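Novice: Sequence:
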Amino acid sequence: MTAITCIRIDHTALQYPLNLKGAAAAARLIAAALRDEGIEAEASDAAAQIRIELPTTQLAAASTMLASLQLI
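Start counting the sequence shown at 1; every next residue gets the next number (our numbering).
If you are wondering where the hints come from, they were derived from the structure by calculation, not from laboratory data. Zero decoy hints are in this set.
The list that follows gives simulated cross-link-like pairs (lysine to aspartate or glutamate, EDC-like), each with its CA atoms no further than 20 angstroms apart:
hint, residue 1, residue 2
1, LYS21, GLU42
2, LYS21, ASP45
3, LYS21, ASP10
This one's a predicted model, so the numbers in the text were calculated from it and none came from an experiment.
The task is simple: from the sequences and hints, build the whole structure.
Specialist: Here it is as structure tokens:
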């Protein structure tokens, strides 16, 4: 069994140009960017947050990538 980590990002924290997209579109773009970096992630629009789920073993790489996009 693989441990799963969930990262939540408030919609209001999204930077340009993601803040111009709908939340669902922003989630798809974030998930695609993570996958481009080799990170197995799923992102979705959940209430007032973008919810990103990924294997815990990839948390450091995902955090680095999300920080480079100024999302965390």
